[in-house]
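Chains V and F: place on chain L using the hints.
Protein chains in written order, with our numbering: chain L, 1 to 127; chain V, 1 to 167; chain F, 1 to 178.
In short, the hints are calculated from the structure, not lab data. Beta carbons: idealized from backbone N, C-alpha and C, even for Gly. Check each hint, because a few of them may be wrong.
[As the list claims (entries may be wrong)] In silico lysine-lysine, BS3-like type, Cα no more than 25 Å apart, as pairs:
hint, chain 1, residue 1, chain 2, residue 2
1, V, Lys24, L, Lys19
2, L, Lys19, L, Lys77
3, L, Lys77, F, Lys121
4, V, Lys24, F, Lys121
5, V, Lys24, V, Lys138
6, F, Lys121, L, Lys19
7, L, Lys77, L, Lys30
8, L, Lys30, L, Lys19
[As the list claims (entries may be wrong)] What the simulated footprint calls covered on chain V by chain L, stretch by stretch (three residues with Cβ under 8 Å from a Cβ of chain L suffice, anywhere in the stretch; the number is not a length):
hint, region
9, 76-86
10, 96-108
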Amino acid sequence: MAYRLLIVDDSPAMRSFVKRVIQASGLDAKCFEASNGREALALLGAEWVDAILTDINMPDMDGEEFLRTLATDDVLKNTPSLVISTDATPQRIARMRALGARGYLSKPFLPEDLRGALERIFGGTDA
Amino acid sequence: MPDPPSPSAFEDALRDALTDVLHKMFFIGAFADATPPEAGRELDPPAELAARVHFHGEPSGDLLLVLNRQAARGIAADFLGENRSCLTGRQIEEVFCELANMICGAVLSRVESAATFYLASPVIEPCADNPGRSETAKCVFPVGDAELTARIWMEEPVCGPLEKSAC
Amino acid sequence: MDPIIVGVADCVVVSDPGQVLATYALGSCIGLALHDPASGLGGILHFMLPDSALDPSRARERPFMFADTGIRIFVAELCARGASPRRLAAHAAGGARIMDQNGEFAIGERNCLALRRILWKQGILLRGVAIGGAQSRTMRLEIGSGRVWIDEAGVRHELTGAAWGKGTVYGVSPADRR
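Okay, chain L solo, but in the shape it has when bound (with noise of 0.2 Å):
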């Protein structure tokens, strides 16, 4: 059975490559996309999914108010999450990490690192 993602970011261009890396790393999956934490939100209502990669900076609601809201919800807090963020502050990542997330890839990366934390979340350990 397909594993069910749920890719949250303000541009299209970051979405696309995020399901070619997806599609290439050979991995069965079904990506559910948003274009910020509000849609993402809305979709997670209507649709469960097995992990989240999300920004952290999107207008309306960005990738910190969007873990912070999952945080509170007592089945969408167990959905491992991955962020994906130019944002490659020490303090950022210790929020993020605070707020559950599983995973933290900088932007730049390379296809093969995001494949990388893919394989840990899957694989049950830390990305």
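Relative to chain L, chains V and F alone:
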């Protein structure tokens, strides 16, 4: 309150960020291309593409990225893993905006490590000029037989470090 | 069984599980090993230059000399014989800075970038790499297991995916260019 980053710090960070982003996600090295122009260059008008990202932090400012459209089509195709001729104008602009976003974030992560920064969504600008303002830092990077130009403008702090500590 | 030697600007695809492929003198050139565990097919391409547009007539005579023409034909041959791009395990070695200490020509680096660009367009990601640096390498592919071995500086080691987590992909960092 720490002093804002110096122009030379921005310039070093800009050069490193450009090299890193283009190398990892666009497969571009820091050397002029010896290959002849690709077929299909007539797909785009001979105009420049410009994308601006405003950032809020310590300090705040703007990054402007400029490249001619034919070269932008090439790097967009490489990023998306598609053929040049299959891309729409919108896809090219979306990739260019994401390039500007990543470069800006990579620069700020290098110079603003003590504070959180926020990036506004990149916007395509109708004009590549920024009259009346001299940039804080500038970097020109070869992309094929074209040049990618990145400029950063740092906003002046509202008050200097001494006044800020008293606020 | 003696290994089948893949020469410079050449490519070999086999399906015999007892076979080993080997290619030598990977300086600025790149050796690309592709293996499909399901079909048992595997091969090595040894290319010299990044872009066939530099010399189209030469590329028609010797397509495996160039990354773009060589990789395309290599993958097409594997797929024609039953491999799937999504199952292919890719390993690469070479792309070193040989006899170009000032980095003026940067052939090795250009080859590395061309390799990654073309594989990305083909929808293939690399599993293990030994690229960059300043020394020549030898690459071996065991068709039965898909394991890849590299000889460099007199030491033989297996190429695995362990390098990816450490971020040392190229061996030539941006800082090296300053």
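A quick look at each hint next to the structure:
Restraint check: the Cα-Cα separation between V/Lys24 and L/Lys19 comes to about 17 Å, which is no more than 25 Å; the hinted pair holds. A C-alpha spacing of about 23 Å is found between L/Lys19 and L/Lys77, which places the hinted pair at or below 25 Å, so the restraint holds. The suggested pairing of L/Lys77 with F/Lys121 is violated, with an alpha-carbon distance near 36 Å, which exceeds 25 Å. Only pairs whose Cα atoms come within 25 Å are accepted, and V/Lys24 paired with F/Lys121 is accepted, the gap being roughly 14 Å.
Restraint check for V/Lys24 and V/Lys138: the C-alpha separation of about 21 Å stays at or below 25 Å, so the hint holds. At most 25 Å may separate the alpha-carbon atoms for a hinted pair to count; F/Lys121 and L/Lys19 meet this at roughly 13 Å. A threshold of 25 Å between alpha carbons decides the hint, and for L/Lys77 with L/Lys30 the separation of about 21 Å falls inside it, so the pair holds. Between L/Lys30 and L/Lys19 the CA atoms are separated by roughly 9 Å; this keeps the pair inside 25 Å, and the hint holds.
Counting residues of the region 76-86 of chain V whose beta carbon lies closer than 8 Å to any beta carbon of chain L gives 4, which meets the minimum of three for the stated coverage. Here the region 96-108 of chain V counts 8 residues with a CB under 8 Å from a CB of chain L, which clears the bar of 3, and the coverage holds.
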